[in-house]
Amino acid sequence: MKVFIAGLNHKTADVDVREKLAFNGPRLEEGLIRFRELPEIQEAIILSTCNRVELYANVSDTLKATESLKTFLSEFHNINKGSLDTALYIYNGTEAVRHIFRVASSLDSMVVGEPQILGQLKDAFDFALKKKTTGIMLNKLVKKAISVAKRVRTETRIAENAVSISFAAVELAKKIFTDLSKKVCMLLGAGEMAELAARHLVSNGVKEVVVSNRTYERACDLAKEFHGRSVRFEEFIQEMARTDIVLCSTGAPTYILTKGQMQKVIKERKQRPVFIIDISVPRNIDPGINDLDNVYLYNIDDLQGVVDANIFERQKEAEKAEKIIEEEIDTFLKWQSSLDSVPTIIALREKAEEIKRDELSRLLNKIPQIGEKEREAIEYMASAIVNKLIHPPTTVLKEDSEDRDVLIATIKKLYGIDDEK
Amino acid sequence: MGVLLFELALTFYFAATIVSIIELFKGTKITSKIMLLLAGIGFGIHTICILYRYVVAGHIPITNFHEATSFFSWCIVLIFFLLQLRYKISLLCSFVMPVVFVLMLSSSMLPREIKPLSPVLQSYWLGIHTFLAFLGNAAFALASGIGTMYLVQEHYVKSKRLGGLFERLPSLQILDEVNYRLITLGFPLLTLAIITGALWAESAWGSYWNWDTREVWSLITWFIYAIVLHARLVAGWRGKRAALLSIIGFLTILIAFFGIKLLRKGLHVFL
Chain D
3 MKVFIAGLNH
13 KTADVDVREK
23 LAFNGPRLEE
33 GLIRFRELPE
43 IQEAIILSTC
53 NRVELYANVS
63 DTLKATESLK
73 TFLSEFHNIN
83 KGSLDTALYI
93 YNGTEAVRHI
103 FRVASSLDSM
113 VVGEPQILGQ
123 LKDAFDFALK
133 KKTTGIMLNK
143 LVKKAISVAK
153 RVRTETRIAE
163 NAVSISFAAV
173 ELAKKIFTDL
183 SKKVCMLLGA
193 GEMAELAARH
203 LVSNGVKEVV
213 VSNRTYERAC
223 DLAKEFHGRS
233 VRFEEFIQEM
243 ARTDIVLCST
253 GAPTYILTKG
263 QMQKVIKERK
273 QRPVFIIDIS
283 VPRNIDPGIN
293 DLDNVYLYNI
303 DDLQGVVDAN
313 IFERQKEAEK
323 AEKIIEEEID
333 TFLKWQSSLD
343 SVPTIIALRE
353 KAEEIKRDEL
363 SRLLNKIPQI
373 GEKEREAIEY
383 MASAIVNKLI
393 HPPTTVLKED
403 SEDRDVLIAT
413 IKKLYGIDDE
423 K
Chain R
17 MGVLLFELAL
27 TFYFAATIVS
37 IIELFKGTKI
47 TSKIMLLLAG
57 IGFGIHTICI
67 LYRYVVAGHI
77 PITNFHEATS
87 FFSWCIVLIF
97 FLLQLRYKIS
107 LLCSFVMPVV
117 FVLMLSSSML
127 PREIKPLSPV
137 LQSYWLGIHT
147 FLAFLGNAAF
157 ALASGIGTMY
167 LVQEHYVKSK
177 RLGGLFERLP
187 SLQILDEVNY
197 RLITLGFPLL
207 TLAIITGALW
217 AESAWGSYWN
227 WDTREVWSLI
237 TWFIYAIVLH
247 ARLVAGWRGK
257 RAALLSIIGF
267 LTILIAFFGI
277 KLLRKGLHVF
287 L
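Note that the protein sequences, when read in sequence, are chains D and R. The numbering used here numbers the first residue of the first sequence as 3 and each following residue consecutively. The numbering used here numbers the first residue of the second sequence as 17 and each following residue consecutively.
Note that these hints are calculated values from the structure, not bench results. Note that this is a predicted model, so its numbers are computed, not measured. Nothing false has been slipped in among the hints.
Which bits of chain R does chain D cover? Going by a derived footprint, with three or more residues having C-beta under 8 Å, they are: (1) 167-177; (2) 188-196; (3) 245-254.
We treat Cβ as the ideally placed atom computed from N, Cα and C, and that holds for glycine.
With the rest of the complex left out, here is chain D (with noise of 0.2 Å):
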C-alpha cells in the first residue's frame, strides 16, 4: 500500500499541453472510472483544473502503476507517450504525501497562496467519493491534506493578500484604467474562476457586469446574481463596444473571437482600451489580438508572469509552511504504518477465535448432556478469556509507539502469526 501521484502541472507543462490532458466535465467520470479500475491501481482520485491535472492513487508495485498509468493516459487522450514523460511527474511514498499537502496548501500554485485549489481539491474528492472508487487510504490522504492546508493558512501569513488568478487580473486592470468605477465587465461563459474575477471585479467597483453564455437561462441567472444584464451570446461581440474588461472562460473547443473581429471592434469603441482575461483551457480568444493596440489579452499562463514576483515575497512565508508539512507527513506516515498492524490484529484474533471454537466443540462433545443455559455459559466464559487474553496485545499494536515495529513482530512470533496469512 504506497500513495501514489502522477500529474503535471503550469511548470511542467504548457497550456496546450494541459489542455489536452485535461478531464473535463463527462470526461472526468469516464476517466476516474477507467483509471480506478487499471489493474495496479486500488483506489483513484483524479483532480483536473486549469493548471494542473493529477492522479492520485493507492498502489502496491509503483513501477507497474507507472507504466499502466501511462498507457491510459497516452490512449485516454490520444497523446503519444513521449510527449508525456516531459510533462509527467511521479511520486510515491512520502514524497507524494508532501506533494498532495503542498498543492492543497497552495505551496504549488500557480500563485503561492492562493485558496481556490482547496476547494477543487475538495470537489475532486467528494467526486471520487460519489463514484466510489477511493478507500480508506486516499479518504485518510485527502482529508489530511485539507486540514493540513487550513493549518498552513492559519499559522503563516501565506494565504494573506492572497494573490489569485482573479485578483492579480484586479491589479492589471487597476494598471490599464485606474478607476474601475465606470468600466463595464463582461463574463463569457460560467467558468467558476472567471466568475470569481468578476466578483473581485465589482467589489473593486467596476459599473455593471454583462454576462453571455451559449445557455442564455444561465447568463440570465448569473446576470441575476451580479445584478447585470444578460446577452445572448451570438451578440456578445457586438456588445464588446460597450464593454472595457472581458473575463472569457466558456468551454468551447476553438478561438470564439478572432483577431479580425476584435479589429472591428476596437475601431467601434475608437481606441479605448480592452482588457481581455482569457482563462479558459483550451484557449477561446485568438492569442494574435494582443498585437492590437489598445487590447490586452492575457491568457491564464500569462497571468504567471504578473504573480511571479509575489510568490518571491511569499517565500518566507512559504518556508514556514513547507515545516508544517513536515510535520504533518510525520503524522500521516505513523497513521500509514499503523494501518500495517491492522493484518497482524486481524490474525491474533482470528488465531484465538479458532482456538476457542476448537476447545468449545471438543468440551461440548464430552458433556452432550448439558442444557441450553450451562452450554451459553460456557461459551461465554471462553469469549471472555479470548477476549480478555488477546485485548492487551491489541491495544499496543493500535497505539503509536515507536517501537511498534519490533512489537508486531515480537507478537507474530509470540502467537505464530504467519505473514502468509
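The hints should help you fit chain R onto chain D, whose structure is shown.
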C-alpha cells in the same frame, strides 16, 4: 549674485537628476522624497534667479539664448510641480529632470551678460509672447515625458513582464489622460504665442507673417499637435499613437529651438 543663484539652481537640478536616476532603478519612498525636495529647492532658487535678473535688467529676462533656455527649464519644472499637485506622478521627475538639467547646462555655457535691449524687443509683447511660447513648449515637453512613461508602461503590460517600474508607474489610462491634458494645455498656448507673435511682428516689422525660420518651425509644430488632437477626437488615436506623436512633437520643438540657433538665420536672431 545672479551667477551664484544660477549655479546654485543648476547644482540642485544636478543633484535632483542624480537622485531621479537612482529613483528610476532602485526607487524607495525616501529617494522619491529627496528627489522632489532637491528639485523643489532648485526650482525655488531658479525662480529667485529669474526674478533677480528681471529686476537687474529691468525687463523680462527672455531676450537671449541663455535666458531663454533657462526660462524654458523653469517652465518645465513649474508645470511638473503643478501636475504633481493634481496627479502625484513623482516618477515623472525621473523622466523630466535629466532634460531640465541638460537644458540648464547648455544655458550655463551660453553668454550671460545683460545687453541693452534692441529696439525691436522693446515692446510689451516681449513678455506676453515669450511667456506663452515657453509655457506651451514646456507643456509639450512634459507631454513627451508622460508619453515616454506611457510607452514604458504599455510595453510592460503588452509583453506581460511586469517587473521593473510597472508597480510604480501610474496606470495607462492616467498617463494617456495626462498626456492629453498637457497637449490641450500646450496647444492653445502655442496658438496664442503664434498670434501674439504675428501681432508683434506687425507692429515691429509691418507684416504679420514673414516666413522667418522660427515662424515656419512653429507652424510645423502647431500642425503636429493639431494632428495629435484631431486624430484623437476623430479617429480615437489615443494611447500608444498619441504618446509617440507627443514625443515626435517635442523632438521637433527641440530641433527648432536649437537648430535655428546654430543656423543663426531669420528675424528671430536674438533668440
